[in-house]
Every structure is written in C-alpha cells, then in structure tokens.
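**Student:** Residue-level listing of the chains:
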Amino acid sequence: MIELVSHQLCINCNVCVQVCPTNVFDSVPNQPPIIARKEDCQTCFMCEAYCPADALYVAPQSHTEVGVNEDDLIESSIMGEYRRLLGWGHGRKNNSELDTAYKLPQLPRPYQS
Amino acid sequence: MLTVYDENELQLTTQVLVIGGGPAAAWAAWAAASQGVKVIVVDKGFLGTSGAAAASGNGIMAPSPENWDKVLWERYRSGNNLANLRWIERVIEKTWLSLPLVEDWGYRFPKENGESVRQSYYGPEYMRVLRKNLLRIGVQILDQSPALELLLANDGSVAGARGVQRQNHRAYTIRAGAVVLANGGCAFLSKVLGCNTNTGDGLLMAVEAGAELSSMEASNHYAISTAFNATVTRGVPFRWASYTDEAGNDLGGYINGNRDPSFLPNALLKGQVYARLDRATPEVKAVIEKSHFIAFLPYKKAGIDPYIERVPVTLVLEGTVRGTGGIRIVNDSCGTKVPGLYAAGDAASRELLAGLASGGGGPNAAWAISTGQWAGVGAADFAKSLGAHAQERAVYPTGKAGIRPHSSGGETFDSEAIVRGVQAQVFPLEKNYFRSEQGLLDSLAILETLWQQVQKNPKQDTVRDVEFSRRAVALTAVARWAYFSALHRQETRSEHIRVDYPQTDPNQRYYQATGGLERLWVRRDWITDAITTPPVLSTPTVGKL
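Protein sequences, first through last, are from chains A and B. With my numbering applied, the first sequence has no gaps in its numbers, which climb one by one up to 120 at the end. With my numbering applied, the second sequence has no gaps in its numbers, which climb one by one up to 547 at the end.
I should point out that these hints are in silico values taken from the structure, not numbers from a laboratory. Among these hints, one or two may not hold up.
To be verified - Computed spacing ranges between beta-carbons, pair by pair:
1. A:Gln-38 / B:Tyr-256: 52 to 58 Å
2. B:Glu-91 / A:Asp-78: 55 to 61 Å
3. A:Gly-94 / B:Gly-411: 32 to 38 Å
4. B:Glu-418 / A:Cys-20: 45 to 51 Å
5. A:Leu-105 / B:Lys-272: 36 to 42 Å
6. A:Gln-113 / B:Arg-88: 27 to 33 Å
7. B:Pro-263 / A:Gly-94: 23 to 29 Å
Stated by the list, open to error - PhoX-like, lysine-lysine: derived pairs with alpha carbons at most 20 Å apart:
8. B:Lys-96 / B:Lys-72
9. B:Lys-287 / B:Lys-272
10. B:Lys-40 / B:Lys-287
11. B:Lys-134 / B:Lys-40
12. A:Lys-110 / B:Lys-292
13. A:Lys-100 / B:Lys-134
14. B:Lys-458 / B:Lys-386
15. A:Lys-110 / B:Lys-461
16. A:Lys-110 / B:Lys-113
17. B:Lys-287 / B:Lys-302
18. A:Lys-110 / B:Lys-72
19. B:Lys-292 / B:Lys-303
20. B:Lys-402 / B:Lys-339
21. B:Lys-292 / B:Lys-113
22. B:Lys-458 / B:Lys-402
23. A:Lys-100 / B:Lys-40
24. B:Lys-461 / B:Lys-272
25. A:Lys-100 / B:Lys-402
Cβ coordinates follow ideal geometry from the N, Cα and C atoms, glycine included.
Please model the complete structure; the sequences and the hints are all you need to start from.
**Tutor:** Here is the structure:
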C-alpha cells in the first residue's frame, strides 16, 4: 500500500492525484498531496512510475499497513526504483526494448505447466 | 447521484463513446476516430494506469506468420472444443497486423537480429504510448470519471451514458450515437495487480440495457502470488519454484514432469505453502528478471532473495479478468444484442478464443487489440448511420439498483458490507475453485440476500459513495451470474471444476448465455461447428504469462 509522499522530495506537481487509478490522493494547494483514501490503494505501483520526483513509496505489503521512515527510505535509494526499471525520467532511455519475454519459451523448464 | 450531483452536471455530445481505460478502450477509441467520427473516452481511473495491462507486462498472442497455424491449434486445443477456429485466426491476424502501429506511435520493441520482436509489452510504457496517440489524434479523454449507467433511445438502441467525475464532484451525461463497453472484467476487488478498477460495471450496465452475458461460469481463475504482496500475480517466475510445507517438506506437485494444476489449491487448503525459485539457472534469472520485473519489485523492496528464501504463497482470485466470461458478442463487429452497443476486451466474453480455459496473458492482450478495433469500427459505422438524427432521440437512463434513491430518507445499504459479503462467497478455494451443487446453491442463497439489500437506497453523501454503492451492486450481480451459470453446467471443463461432476461431458458442447436482474436465467447456445482435430504439435511456442 502507499505509505509515503515524501515532503523532502515532492515538487507539488499533483501528477499522482491525476494518474492514480483508484483515486487515493487529494491535492492540497501549494503543498504535497495527501494520502486521503489509503484503504482504496491496490498496490499497483503506478503512482511511483509516474512520479517525476521519486517522492512516493508504495510498500510491497498489499494487505497490511507497515510503518516507514522517510529518511531511511531515501537513504536506501529504493525511492524511484520502478522508474529506473522502466527507464522513465529525465535523461533516461525507456527500457521496453530490454523486454525478454520472447525468450521465455526457449528456456529450460524443470517441469512443464 | 441524481439528487446531490445534478448541479453543475457536465453534458457532452459525441458520435462514439468508449467506456474504459485499458488497451481495449484505447484501441476502440483509435479505430473509431480513424473512421472520422468524434470520440470521447470515459474511464473510472486514468487511461494509462487503469486495469490489468497497465500495471504489468504481457505476452501478446502475435506469432509471426510462419507460426500462425501452430498457435492457432494450441489455442483451439486448450479451449477444449469450445473455442472457435475462425475467431482465433482473425484475432491472431488482426493483432499481428496492428502491432507495427504501436511501434510507429513510439513504443520500442526489443530487437533480435535487427528485427523488432513484437510479442510482448511493458504495460506502463505500452499504455503511455496508446494514450499519447489518442491525444495526438484529438480523442477527448475524461479520466477519473466512472460511468454508472447506459442511456437508451425509445427504439431500444443505446444513446450514451451517465456517470460521475470523482475529482470534480459532479455528474455527467454524454449523448452518443454508439457506445463501446471496454471497461474490463471483474476481479471482485481482490487487489490482483491493477484490477481493482475491474468490478464488472460494464456487465451490469450491459444487462440493464438489454444485452446478454456468456460463459460466466468461467469466472474463477486464480493466480499465484506471494502472501505478503498478494497482488502481483505473475506465474512465470514460479515455473522455477519448488514448494514446501511449514516443516520444509517438499510438496512435489508434478505428475510425470508436468505441473499438476490443482496441486496448489489442494496444498493451500491443507496449510501454508512456501515457494523458493531455486530451480532458476543464471540463464533463466537473466530472462525472467527482465520479462517480469514487476514480480521482482516487491522482493527487492522487502529485502527478500526469492532464489534462496522460502516465501509463503497464496492464490488470488482474478475472476473474469483471466477467466473468459463477459458480455455476449453477437457478430464480427463485437456487437451485442443492443443496437449501437459494442463490447471489447475483458468486458466481452472470450469464449470464442478460449472456451472456458483462461484467456489470460497473451491471448487476452491480442483479444483487446483486435476486438477493440472491431468494436470501434462497428460503433463508428453505427453512429454514422444515424446521422444528425442521433442527438434528436428521446432517451432514458437504464440503471436500476444502487443508482437513485427510490424513497427519501429511507434506509441505505452498506456498500462495504455488501462487498465483503460477496467476497466471502467468491474468494474461498473450497467454494469457487472446487465447485459443487450444494456449495453453489448455498452461495446463491446468500448472494440473493445481498441482492435484496442493494435494492435499498444507495448511500450518496459523496461522489465516492455514489461510485461505491453502484460498484457493490455490480459485484453482487456478477457473482450471481457466475454461480448461476456454474450451477447449470454439470460437468468439469477447463477451469470450471465441479467436484460432483468430475468428467468433461462430450454432450455439453455449448456456451451458456446468462442474464437477468431480479430473475436469473441461463440458455444453452449449442455449438454446431464440427470438432476439428488439430494436427500433431511439437512443444508450445507461446507461453501463458
């Protein structure tokens, strides 16, 4: 679930408010958005993908709330990980051409499914 | 909605209205606009992040032409004599011909020997590109605008839709010459990746307007995920898993080197199951970490090494999203029984492509691309045929339960309690994976009481209340159709497992149409095409992702 809008990193652009498919955030004038409806978060990570400031953290725990520490998360350099995977963001080249799905049928399989 | 949110109502007019925000909606909007008609898209969330495709990655059933026959027969065979060869073929061909467009619009496919390999996509990037293209060609997109009901003209043809705008706190009415329902299947708010926007709204709207559903018994697809992150249901990495119980005993789960499909449901009914991806070689790791990076993001965030550590796993209901049930399409343009109303993507029944087997992954991605376009062109042609007459028609709204208070100050129903009540019937493996007559009858009785409850006034204090009240009605309705269909198919076929009828009955070669609001019904639509025997095949080339 969404656990953090980092006030240290947020640039108040409100893109997350716009893109969240389950409308979890509310904008606040001249401030970072607030997580207004956390219980509606479906842990899809899409807000992280769109956040240009790497200011959001969606914890992987989908059904339980976990406490997070903003400084620790920033320190651990996990913020913005989804954008790095996608190759989204200023100065990056998007990574869709690294998609290896077409190689899956050739892989050795311990068992067929 | 018609009391509180009528003030400042947004009123728009268009030739084609597309409802939904995933790939089927995007392709429908593009195809309709390409016919020169005005198109508006309304989506509950955001076209680009909504739905199953955006939040993941997918294979696409788009083999190169030399493999068309092979994939065609694989699909046909997995449909267990219910799939339709002509439809499989037209989906494969249409998809193959469409993907170069995605590349023209800016999507970068991987390359092999200098050639683009257009057989899969990264979901967020794919949907970003589709959105960008729609805006480029002048399609109007209303995000955060869930549709709640369809409008009909007096002659029974569709004439638009009504809904609410979540962030503008107002209702909207859009008059249209034709409508495409491309708002996904129903995963019953299980939180399966990206699918909490897929709550069966389109199925409810379609039935209220006079359309039929089909193959709703194929609504019980479950998929594996970790228990801590019970949302990312990417099965592919688990192909290289070994499974153990609490005590660490290997649970096996294979018959003659093949994975037993009911191994995991059975094991989970006995107790906790742990998976470790310890069969993955370095070569395998290199591929699956790039093809299914979304499966590794939760591990990375949680500090788990899935190749070394045992992680508890679970099965999450994906409902009709990877099942096949949905709105019954009646012609090659993906029309429904309602003139002017078309269905595409997971909102439509995928029985023609997959029978009652999972349509998931690659086939569904291809289905969205192809049916989206057929529905979009069909809708554009219909709207054009109405001409200026379209906007002169007298129209009325078709929404029934959960949309307008029928008495002032009356008791309202608790949409959260309704949702929990529905989930308690459709989530448990012992009810929905392993079905039986008694279990289905018991669940239907409970669902019936929930259905009676949603006939009360909807809570409508906020726009969110309006949306969630209606959503609770849709979930209840879909669960009833699913279980009523499941009750009437007295055999086991593909993913419809009846413990009281464990065999596939060759004499039950039909699709089950279904519908009804107060009174449910099913009808057998017999399949009369000859059963075709596939030629002998070698190993599959297109995996289910």
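**Student:** None of the hints should be skipped; say for each whether it holds.
**Tutor:** Right, here's what the structure says about each hint:
no.: 1; hint: A:Gln-38 / B:Tyr-256: 52 to 58 Å; in the structure: holds, 55 Å
no.: 2; hint: B:Glu-91 / A:Asp-78: 55 to 61 Å; in the structure: holds, 58 Å
no.: 3; hint: A:Gly-94 / B:Gly-411: 32 to 38 Å; in the structure: violated, 56 Å
no.: 4; hint: B:Glu-418 / A:Cys-20: 45 to 51 Å; in the structure: violated, 32 Å
no.: 5; hint: A:Leu-105 / B:Lys-272: 36 to 42 Å; in the structure: holds, 40 Å
no.: 6; hint: A:Gln-113 / B:Arg-88: 27 to 33 Å; in the structure: holds, 30 Å
no.: 7; hint: B:Pro-263 / A:Gly-94: 23 to 29 Å; in the structure: violated, 36 Å
no.: 8; hint: B:Lys-96 / B:Lys-72; in the structure: holds, 17 Å
no.: 9; hint: B:Lys-287 / B:Lys-272; in the structure: violated, 31 Å
no.: 10; hint: B:Lys-40 / B:Lys-287; in the structure: violated, 47 Å
no.: 11; hint: B:Lys-134 / B:Lys-40; in the structure: holds, 17 Å
no.: 12; hint: A:Lys-110 / B:Lys-292; in the structure: holds, 10 Å
no.: 13; hint: A:Lys-100 / B:Lys-134; in the structure: holds, 17 Å
no.: 14; hint: B:Lys-458 / B:Lys-386; in the structure: violated, 40 Å
no.: 15; hint: A:Lys-110 / B:Lys-461; in the structure: violated, 51 Å
no.: 16; hint: A:Lys-110 / B:Lys-113; in the structure: holds, 12 Å
no.: 17; hint: B:Lys-287 / B:Lys-302; in the structure: holds, 14 Å
no.: 18; hint: A:Lys-110 / B:Lys-72; in the structure: holds, 17 Å
no.: 19; hint: B:Lys-292 / B:Lys-303; in the structure: holds, 17 Å
no.: 20; hint: B:Lys-402 / B:Lys-339; in the structure: holds, 19 Å
no.: 21; hint: B:Lys-292 / B:Lys-113; in the structure: holds, 14 Å
no.: 22; hint: B:Lys-458 / B:Lys-402; in the structure: holds, 11 Å
no.: 23; hint: A:Lys-100 / B:Lys-40; in the structure: violated, 34 Å
no.: 24; hint: B:Lys-461 / B:Lys-272; in the structure: violated, 40 Å
no.: 25; hint: A:Lys-100 / B:Lys-402; in the structure: violated, 49 Å
This entry does not satisfy hints 3, 4, 7, 9, 10, 14, 15, 23, 24 and 25, going by the numbered hints stated previously.
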